[in-house]
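Undergrad: Here the structure of chain Y is known, so what remains is to put chains G and L in place on it, guided by the hints.
Protein chains in written order, with the working numbering: chain Y, 1 to 530; chain G, 1001 to 1530; chain L, 2001 to 2530.
No wet-lab data here; the hints were simulated from the structure.
Take the hints with a grain of salt, since some may be wrong.
Listed below are the simulated DSS-like cross-link pairs for lysine-lysine, each with C-alpha atoms no more than 25 Å apart in a straight line [said to hold, decoys possible]:
| no. | chain 1 | residue 1 | chain 2 | residue 2 |
| --- | --- | --- | --- | --- |
| 1 | Y | LYS204 | G | LYS1416 |
| 2 | L | LYS2416 | G | LYS1309 |
| 3 | G | LYS1366 | G | LYS1351 |
| 4 | L | LYS2416 | L | LYS2351 |
| 5 | Y | LYS347 | L | LYS2236 |
| 6 | G | LYS1309 | L | LYS2309 |
| 7 | G | LYS1416 | Y | LYS309 |
| 8 | L | LYS2213 | L | LYS2048 |
| 9 | Y | LYS258 | Y | LYS213 |
| 10 | L | LYS2137 | L | LYS2262 |
| 11 | G | LYS1097 | L | LYS2088 |
| 12 | L | LYS2347 | L | LYS2416 |
| 13 | G | LYS1309 | Y | LYS347 |
| 14 | Y | LYS88 | L | LYS2258 |
| 15 | L | LYS2262 | L | LYS2213 |
| 16 | Y | LYS137 | Y | LYS157 |
| 17 | L | LYS2236 | L | LYS2048 |
| 18 | G | LYS1262 | G | LYS1213 |
| 19 | Y | LYS48 | G | LYS1366 |
| 20 | Y | LYS416 | Y | LYS347 |
| 21 | L | LYS2097 | Y | LYS97 |
| 22 | G | LYS1097 | Y | LYS97 |
| 23 | L | LYS2416 | G | LYS1088 |
| 24 | Y | LYS262 | Y | LYS204 |
| 25 | L | LYS2048 | L | LYS2137 |
| 26 | L | LYS2157 | L | LYS2048 |
| 27 | L | LYS2258 | Y | LYS416 |
| 28 | L | LYS2366 | G | LYS1137 |
| 29 | Y | LYS351 | G | LYS1347 |
| 30 | L | LYS2258 | G | LYS1097 |
| 31 | G | LYS1097 | Y | LYS48 |
| 32 | G | LYS1048 | L | LYS2351 |
| 33 | Y | LYS258 | Y | LYS204 |
| 34 | G | LYS1204 | L | LYS2416 |
The following residues of chain G were derived to be distant from chain L, with all beta-carbon distances above 10 Å [unchecked claim]:
| no. | residue |
| --- | --- |
| 35 | TYR1261 |
| 36 | ILE1283 |
| 37 | CYS1421 |
Where is the CB? At the ideal position from N, CA and C, for every residue including glycine.
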Amino acid sequence: MAHFDTEYQRLEASYSDSPPGEENLLMHVTNNLTMFLNFHHVYNLHQKNGFTCMLLGEIFELVQLLFVVGFTVFLANCVDYDILFANKFVNHTNSFKVTLPDAFLPVDVCSAHIRDNTFVIFVLIISGVFWLHRFVKFIYNVCCYWEIRSFYIHALKMSMSELPYATWQEVQARIIEIQKEHQICIHKKELTELDIYHRILRFKNYMVAMVNKSLLPVRFRLPVLGECVFYTRGLKYNFELIFFWGPGSLFENEWSLKPEYKRGGNRLELADRLASRILWIGIANLLLCPVILVWQILYAFFSYTEVIKREPGSLGARCWSLYGRCYLRHFNELDHELMSRLSKGYKAASKYMNCFLSPLLMVVAKNVAFFAGSLLAVLIALTIYDEDVLAVEHVLSSITLLGVCITVCRSFIPDKLMVFCPEQLLRVILAHIHYMPDHWQGVYSRGAAQSGGDSHHPHLLSEEKTAWTSRVDVSRRDRGIHLPTSRRREDRVVPHALCHHQPAVAASSRDNPLHPPAERTSPQRGHGRA
Amino acid sequence: MAHFDTEYQRLEASYSDSPPGEENLLMHVTNNLTMFLNFHHVYNLHQKNGFTCMLLGEIFELVQLLFVVGFTVFLANCVDYDILFANKFVNHTNSFKVTLPDAFLPVDVCSAHIRDNTFVIFVLIISGVFWLHRFVKFIYNVCCYWEIRSFYIHALKMSMSELPYATWQEVQARIIEIQKEHQICIHKKELTELDIYHRILRFKNYMVAMVNKSLLPVRFRLPVLGECVFYTRGLKYNFELIFFWGPGSLFENEWSLKPEYKRGGNRLELADRLASRILWIGIANLLLCPVILVWQILYAFFSYTEVIKREPGSLGARCWSLYGRCYLRHFNELDHELMSRLSKGYKAASKYMNCFLSPLLMVVAKNVAFFAGSLLAVLIALTIYDEDVLAVEHVLSSITLLGVCITVCRSFIPDKLMVFCPEQLLRVILAHIHYMPDHWQGVYSRGAAQSGGDSHHPHLLSEEKTAWTSRVDVSRRDRGIHLPTSRRREDRVVPHALCHHQPAVAASSRDNPLHPPAERTSPQRGHGRA
Amino acid sequence: MAHFDTEYQRLEASYSDSPPGEENLLMHVTNNLTMFLNFHHVYNLHQKNGFTCMLLGEIFELVQLLFVVGFTVFLANCVDYDILFANKFVNHTNSFKVTLPDAFLPVDVCSAHIRDNTFVIFVLIISGVFWLHRFVKFIYNVCCYWEIRSFYIHALKMSMSELPYATWQEVQARIIEIQKEHQICIHKKELTELDIYHRILRFKNYMVAMVNKSLLPVRFRLPVLGECVFYTRGLKYNFELIFFWGPGSLFENEWSLKPEYKRGGNRLELADRLASRILWIGIANLLLCPVILVWQILYAFFSYTEVIKREPGSLGARCWSLYGRCYLRHFNELDHELMSRLSKGYKAASKYMNCFLSPLLMVVAKNVAFFAGSLLAVLIALTIYDEDVLAVEHVLSSITLLGVCITVCRSFIPDKLMVFCPEQLLRVILAHIHYMPDHWQGVYSRGAAQSGGDSHHPHLLSEEKTAWTSRVDVSRRDRGIHLPTSRRREDRVVPHALCHHQPAVAASSRDNPLHPPAERTSPQRGHGRA
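Bound-form chain Y, shown alone:
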């Protein structure tokens, strides 16, 4: 890692990993651990709309886990598909109709099936262990958030029922007021919004910084596809495990680095230890890979099949990728502020991306839709004439699949009435995402100048395209906007932010989500400096 952190070294002298003026205070803070946890939990409880919603959500998650495993095992072992598919007749005494229960095997046959299948038993054990782990965590969470609930009700005087309709700014204002009277944080006389933001966003700020400095290995240059970004939820989880809260992580607790990481001397030794830990985590990932994969496939199947059937157009819907969300995040920006900003830019960004649909794909999609549509037209006409056609095997399946195929094709065909004005759209997007690589500037003003001989559009396309991924993404391969490599050395925003030499951030932290972000006084990242 030594070749990455040249700037970290230069800045290390003036660099302290805790918010300024906090380190010496922490010495005599001993029993306010819960208070530090507090801010994060207080924010979470607000975002999750109160205790009942959070509780219910977590209970449902536990039940979902049980349901997915149980239902899958049931489907695999306890159903006689020959009866469902009418390959075998059922003998009824009083009726000749087949009912669903006829297709279920008796309990003893079913349990014998399960007992004989070692893989099923293995999966059941693994998921049982995982479920117990989740259950323990759930119990812990309930206790923890029960306290936060009391804090809301007794200290902040907000009932859980009015919490969903209070903004975070209101909650924060009350916390600051409370601190003045009751001194809930011992180590500091007065609490500012910035303090609260710092405590909540400690790890997030680190992640943003690491993504912005390209310290994380998320971008690869593949032989055919060119440069692409691989930053999934799984990878993010592993990163957080390694850096923040896993065994042997860099952090002592929720807010401060371990002392040994603050000295430059034992750097190489620490790097070795980190490398070996990463190796072990990698091996654990590899071993658990089949189980995780099966889980993801099952979960995606249960979640998305119905959506694809109902509105197959959602297959082509776009969303901000995990990488994009990390890359476009400001320092000291809470989740709901980021999401509000990105949501405001979504419509324009979506339209912008639709301006650059591949014309080749369009031609192919149009014609595939025609051929599929022709076959479908004949089947529909036959069905309307006489619905006995549906009894012919695979006719209904064909109709369904051809329908899905056509709708997927249609999502690649742009609206004929679309007005092509990418530059105006880009301007709207930038007003919300607040970031533009330096080499976009020519493009931005080209509409007026018309002088630039070399077309930037294809670059724009490949640049922006990766900020989006299909919404229904089974393998959850999230890709993001590429960081222009030239910024890596010049950009001082990242270490500055970590050193808290940013008076503008305080203003940002007071930001009301109702004010459009364009009003912010802090300069736009990257672009503002040009």
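TA: Quick look at chains G and L alone, frame taken from chain Y:
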């Protein structure tokens, strides 16, 4: 009723129930009754887009009635469901397919069924009487509107075919012009827009006043649900029956109160008479209740089943409640003006209400949708693999019901990309609905001040929520915005309006629907006085 | 034709059919024919997004032709529908299910069927000849566009992959630059944008002029329907065949009239020759009529059946008619510029037209929807209760057809929440379509004046309605906005444009599609002169 009308008493001295300067004129008006009816009918014919459309609409209504009763009786008595549900075999000589006519019973069996069923005969008689009553009314209407049609063609020089494309302002301008030349109203030299509005809206203005003064018993405090509003079409019909046009109503004819109601002396006696009349109407309602209920269920079933199947999302769609429409109505505001105003505010109001979806319901809906979606996913996958699965009993029903269930759930889940900005939306709504209770004011400016310690949002929610009802509402329980009780005594707008001391109304009556209502010079009701 | 061209005669003295200053140049242009073709092809290749897309598109077109003919012949001759409709049993040895291949006749039976049917053989021969013609044209096009591709890559230095993201203005700018250096056009020292536009749009400008001057017989006065416009793709093709590129057409090559047409002397003789040619082309059309009709029905069936099933609402969707597109086109306006302009006006125009839905149709549609919905409701309820109902013959067909019927009806029922403001919409439309007949002016400002006694709305309606046609239009009867007859004599814009006395057009030709057309400095056609 004595405790309600304290203000009525105070104002009674200066109060005349007819437009000013009209009472003495009415003395020597004897034979222009038809002319008074005229304005209302003239407006109706314009709103119904001409004579042919009105005629066709009324004929269709009569046919609908026959159809609903006849079809229901047919379905109940003349169909052999065992054949439809394949519980009984049909013996065909030349084919083995079951056709729809096979399931219909022969005419003699069918008529015997009906003859044996006394309830069916009772229903048939009741609906026959009702239909005849409607038919007589229809004949009367046709004659009446035929005259109006002649008035349009010969007096106003407008053909029926161009009527739909003329605005009411144009029609009105011609009426006023005609009056100058031909003196169609004997009692007055010059006719103004206000006169026309007053004549058309006589009863509506009374209703608006009564709703605004909370004189009508439409708000109840239920044990669990808290205060709720019950103001349905049925109730409205009964109110109109009691006050305006029923036997023994308060009004002599379309425009003037009976003389005995104008004297304060026999007030108690009149109240007693009204009480006994209301009792009798209540008893009549109770007796007819089963028939009305069956009719409403049948009509809702025939009207909405297909809508729910096609787009179940419409179950969650909102509309302005009957109470809200009455409560937000200005005095002297014609139906189309009110609807245009409310339609303009609809989008913002709908978005505003979606900002306050119950988070608890959201969590439950998300998870119910997941479980239902899982089952549906398996059924869909099996069906695509081999459509013989559909032949298994209740599989298709399950697919349909699960699909409906999921779509209903989805209507409770807000869009992930929704931007939360209720105050801006509220501002937009207010620009159209022109009314804000006093205690909203803090909320309105709170975005800037941030000083108010107590959260008003939950109040807002319960306040606004009741202004809306689900569009598909079988029981037609309409609820509306609560009238703040503090206004009851201070608000002089209502009696003022009745006394016509309102010069601003004349301007309002000249209002072009093309001008946004924000340009009106008249102060906003309630809020404008603050 | 003599009575049509009074103005042509008056202007003929100063009229030259070639762009100014070009005629004498053409004398010594001998070998740059390919260069003249070039501009049109260069533009086409840009619009079709590069060589690969164009190639693929043309190949798919050839395959589509084969597919439609082959598939139809197969369906007509090689399928045993009795098996599909379960009127005949299949004897399987191992299973009792009917599969699709069971319904296909063996190859020898099938080919015998075809051989016996002379009509099929006739159709096959005709379509074979047509396909070969298309194939030869395809080969020619490939060779031609391969050269254009080289021109793009080597001369303009644009790769095919970046072409879709370059605007036409960029391509044009490079061509002009290239001309300065390499002198690609021999006959002129400097090439301007106007030159390029003239070359590309030579024929289009003629068509626009002829439509604007009502020289083409596209408007008829029918006994019942009143004046209507008949201008289909087929008619347009025939017009182009007659005037521009067919054997014996008026043009010598892509840019200049035959010399004999430039002299006024042999006018009558030429008119006779043209008349006889038109007669022969008419006879050819009549003979090919059955084949063309069958083709159009088949193609419409294959293209639109699926669309109608999926979203029957598209039946009521509107689009700019072929006549409207021609009538609203500026001189020297490229296809993409016109389409961008019309697309911008589409939304407002569509809303505007929905303001004038026939109220009579609305009443009928509402009630038909109610009756169909009632029947559908019963069928759906029965199906959900027990899906064996679907096995009854024609139940499924009824459900499908009733569903389509209801959705078609719904497209005639306006949204209840629609705000009626046609004048504002008309203003928005005019900002994009740039044209308003003189007699609209009263309507336009009537909202303020309110003085005009005669209602113009019905005229507006019939005027505008014809500018639209239903998007799914089997017979492709395109209708357009009527040209007000009073303009025919006064309007000098048309001959002026042909004589190129229009400095504003040059500015227009430099127009960037990103600039909204409202910024154009050239006066609006027709209206601007008022």
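Undergrad: Within 25 Å, alpha carbon to alpha carbon, are LYS2416(L) and LYS2351(L)?
TA: 14 Å, holds
Undergrad: Take the C-alpha atoms of LYS416(Y) and LYS347(Y), compute the straight-line distance between them, and say whether it is at most 25 Å.
TA: 18 Å, holds
Undergrad: Quick one, are LYS48(Y) and LYS1366(G) close enough, alpha carbons at most 25 Å?
TA: Satisfied, since the Cα-Cα distance of roughly 14 Å is no more than 25 Å.
Undergrad: Quickly compare the C-alpha distance for LYS2347(L) and LYS2416(L) to 25 Å and report which way the hint goes.
TA: Cα-Cα ~18 Å, so holds.
Undergrad: Quick one, are LYS258(Y) and LYS213(Y) close enough, alpha carbons at most 25 Å?
TA: 22 Å, holds
Undergrad: Is CYS1421(G) truly not at the interface, in the sense that its beta carbon sits beyond 10 Å from all beta carbons of chain L?
TA: 22 Å, holds
Undergrad: Does the no-contact call for TYR1261(G) survive, Cβ to all of chain L over 10 Å?
TA: Answer for TYR1261(G): holds, closest chain L Cβ roughly 38 Å.
Undergrad: Is the hinted pair LYS1416(G) and LYS309(Y) satisfied, with a Cα-Cα distance of at most 25 Å?
TA: OK: LYS1416(G) and LYS309(Y) at ~21 Å, within 25 Å.
Undergrad: Has the given pair, LYS137(Y) with LYS157(Y), been kept, meaning a C-alpha gap of at most 25 Å?
TA: 28 Å, violated
Undergrad: Just to be careful, I want the Cα atoms of LYS1048(G) and LYS2351(L) compared with a cutoff of 25 Å; is the pair within it?
TA: 21 Å, holds
Undergrad: Would the pair LYS2258(L) and LYS416(Y) pass a check requiring their Cα atoms to be no farther apart than 25 Å?
TA: 38 Å, violated
Undergrad: Take a quick look at whether LYS1204(G) and LYS2416(L) sit within 25 Å of each other, Cα to Cα.
TA: With Cα atoms ~21 Å apart, LYS1204(G) and LYS2416(L) stay inside 25 Å; holds.
The structure shown violates the earlier hints numbered 5, 8, 10, 13, 14, 16, 23, 27, 30, 31.
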